[in-house]
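Novice: Turn these sequences into a full structure, and let the hints steer you where they fit.
There are 2 protein chains.
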Amino acid sequence: MFDSVRLPHKLGKSEFAEVSERLRERLLEAQFEFVERKQKSLILLINGSDGAGKGEVLNRLYEWLDDHSLETLSYGAPTDEERARPLEWRYWRDMPAKGRIGLMLGGWHHRLLHHRARGKISRDAFETGLDEINRSEEMLRAEGVVVVKLWLHVEDSVAQKRLAKLREDGGRLRRAIVVEWDDIKGARSREKLARSALDLIEKTSTGYAPWAVIAAEDPRYRDAAVAELLLAALERANAESAAAAPAPTPAPTPAPTPEQPGEGPLLPRASLVGSLDLSLTADRDGYGGALESLQDRLSELTTSRKFAHRGLVLVFEGNDAAGKGGAILRVRAGLDPRRFRVHGTAAPTDEELARPYLWRFWRHLPRLGHTAVFDRSWYGRVLVERVEGFCSRDDWMRAYSEINDFERQQTRARILVIKFWLAISQEEQLARFSDRAARPAKRYKITEEDWRNRGKWAQYEEAANEMIDRTNARRASWTLVESNDKKYSRLKVLRTIVDRLEEEL
Amino acid sequence: MFDSVRLPHKLGKSEFAEVSERLRERLLEAQFEFVERKQKSLILLINGSDGAGKGEVLNRLYEWLDDHSLETLSYGAPTDEERARPLEWRYWRDMPAKGRIGLMLGGWHHRLLHHRARGKISRDAFETGLDEINRSEEMLRAEGVVVVKLWLHVEDSVAQKRLAKLREDGGRLRRAIVVEWDDIKGARSREKLARSALDLIEKTSTGYAPWAVIAAEDPRYRDAAVAELLLAALERANAESAAAAPAPTPAPTPAPTPEQPGEGPLLPRASLVGSLDLSLTADRDGYGGALESLQDRLSELTTSRKFAHRGLVLVFEGNDAAGKGGAILRVRAGLDPRRFRVHGTAAPTDEELARPYLWRFWRHLPRLGHTAVFDRSWYGRVLVERVEGFCSRDDWMRAYSEINDFERQQTRARILVIKFWLAISQEEQLARFSDRAARPAKRYKITEEDWRNRGKWAQYEEAANEMIDRTNARRASWTLVESNDKKYSRLKVLRTIVDRLEEEL
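In the order they appear, the protein sequences are chains A and B. With the UniProt record's numbering applied, the first sequence has no gaps in its numbers, which climb one by one up to 505 at the end. With the UniProt record's numbering applied, the second sequence has no gaps in its numbers, which climb one by one up to 505 at the end.
It is worth saying that the hints were derived from the structure and are not from the lab. Glycine included, each C-beta is placed from N, C-alpha and C at the ideal position. Among the hints, erroneous ones may be present.
Residues on chain B that point at chain A, a partial pick, calculated with CB under 8 angstroms [as the list claims (entries may be wrong)]:
no.: 1; residue: 37
no.: 2; residue: 87
no.: 3; residue: 97
no.: 4; residue: 98
no.: 5; residue: 124
no.: 6; residue: 131
no.: 7; residue: 133
no.: 8; residue: 354
no.: 9; residue: 410
Specialist: Next up, the structure:
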């Protein structure tokens, strides 16, 4: 989950000056409208590891927003007053009124996460707690409270350096907000905390209140990213309020909230997909032999006695013309055709349209001992349907957690889920499209639509990045495949499958 | 929870003939519209103890509905096919298409409930499973699948007699659906199952898919009640589909779905409140002494060392002029004024309107060692706001589970929650209103609104009954107080508080 946060995220000084000026202007505008409308309130939960800069973010927001409708909601160890009441009372007491924004430190996830990281509660108790949080946030949403959840991420080594520096300057340490995870000491405990945090982020990223994980190593980037997120939330809330306001004359049904209100993103997006080294190539001479030996190994593994009690699901997504078909062909060569099926994902049939979205994939799940390959898959909802506006924002936002549930149901039933994103560069795609268009035998492979999609490269890339970030669960993770070189791509796909099978069987 | 189901529910033969004729007509009409619109599908989950008549209900529905768009979804022990796939696959495989109705036996709650009743899984694991079910049902709802959940209830003794009779007739037994809880034998195991079922019903009664518990002792009543429920669900679904259909010309915003689409309820409502014996009176001579000794005991208990670590919340709801104020006065006399507050629940202030609904009650929760009395309370949402249409159906439907969560948060924090419903008859209310109107000193107590509310007696009673049914959790249960006689009412209130305190401290 959220591997994109490990990518370099930096803003140069002048870049920051430019971006922040525009951000501040739009933020203030959106905030004034928010105050004016008085329809909703907003709580921004600022979470993250110690040393990630939670306090600095808070100060920055006070600098950039109008502080008249801003309040800080900060929670440490419970006071006497709080101990004498239900746990949840402290948050209710501070509930911001409509038109106001609360910046929350140490929010309602904190205690649960802390207990879990220290091994004080079981996994089941942890999950029950997370579900209670989800219910509360759903209620808040229904009551007009917008909940925006932020996790600031820095690598542990960076955080430790920062904290050491702070400790040298006692005064600054006291002013900084680093006491949250006070009793979590040593690299292993911190590692445990990080893992529990990932779990929490996965389970409480709902359609109504998703988490945003933000790279916090570069303070300039961090602050701009937080501001941009807050801006989007405010603009969306304002649009919703506008749509809900009673119109004087019968108005047409309001359009679904646009994905990006306002003028679109100001910050460069961190791109997992864009950060791949697409120049990787396979060794030409060794290719045939390597391929064959991997196919042999795959065949052995999938006919083994152990595999009879397992299933295999292979998901292929990627840019148009990235070579999904070719890769699947090479996988197929290593598998028993009686226990192997490829499912192309074309437009849904009438039958499928008449049922919930995931139905058309459920019907093709393999039984144990079998393999199903999905050439495009359930991820269509958060890729093409999102970008082309075939479903509403609410629909694709809730799809992330529905997909995570769906894949968890598979892995729990001993199905191994392996997902590939085949990536090529824009130039390589152009070359392949042109080649297809020029060769009669391949012309069927290229359509008007492919050219149209190409025009939305940036939006598809953003959707792909968010998809990978939000559905990269530990037991059903993504493998990104550099595919400008077809041979390299095919070998990597096969090797990944073989390695995962060996690991699991 | 759902105590109303224990009330006598019967329909005479001729009454049934009349009701069922109208029901069948409207059912068919609603079903045809449902098929025609092809916007939604519906799954009716038919659950209940063995011997409650699940199979008979199924047969009846086939008789009353058009079976062209009907299908039975029945699940026993998993087949080979099913065992080779994720658990959830069997339900997905059978997913009814839009316009179709699935009647489901042994649905997705079954396995979990069974495991819990047999002690095979922990409470936390049970709750985690229930939350997964909630997430799935929420997804189904968002995807246009209406989920209607039915629990048919008969007292254990009745069920056992029926089953014995079936066993005598082996052929009928095989045709009946009684094998569900096959290996749950003996009164104690069945008792455990019943308790787990209540738990399940409480935790999975969501705004989007609430449970209906139906008294199934009288087959005529049972079948009519099921049909009425299904009718309401179909009519609501049709109304939603109509509202969502793209209008050819800009149409005004559709009105919120009315609580009772169509012509209103056909069946007499079972009424917990209406079944009280309001002729109960207190012994005139003993009253003063009894009152005083209860107050003394209350004083002792609430000043005890143990009470310092507990809190007390008293909720008073009831008919207008039922004597809430008088009862509260008598409770007050037994309490230390420094650790006791009464909160009247008037129209919400601006401050309160600007925040989520429950906020105005959270702010008044007592700290440990203290007592808070709520003269009317958070139940306003499912009483007055429901009846007067101040909030949408979705809002008050989700309020039940929100309130259950809220009260669980209190009891978990060692607050004792005691809830009273003070009931008087319509005639007694009229007498008290007239008395108030006639006496200048009491005239302020009676307003235009009181007279208006009186006109909606039946609707308020239905709302009260459903409220008691859905929020009668084990640790925060309702006490119904027969209040035509004020003295009887006050003594019962005080005695209940004293008894509960003695039990808990």
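Novice: Each hint should be assessed against the structure and marked as holding or not.
Specialist: Hint by hint, here is what the structure shows:
no. : hint : verdict
1   : 37   : violated, 12 angstroms
2   : 87   : holds, 7 angstroms
3   : 97   : holds, 4 angstroms
4   : 98   : holds, 4 angstroms
5   : 124  : holds, 4 angstroms
6   : 131  : holds, 4 angstroms
7   : 133  : violated, 11 angstroms
8   : 354  : holds, 4 angstroms
9   : 410  : holds, 6 angstroms
The structure fails to meet hints 1, 7 from the earlier list, while all remaining hints are met.
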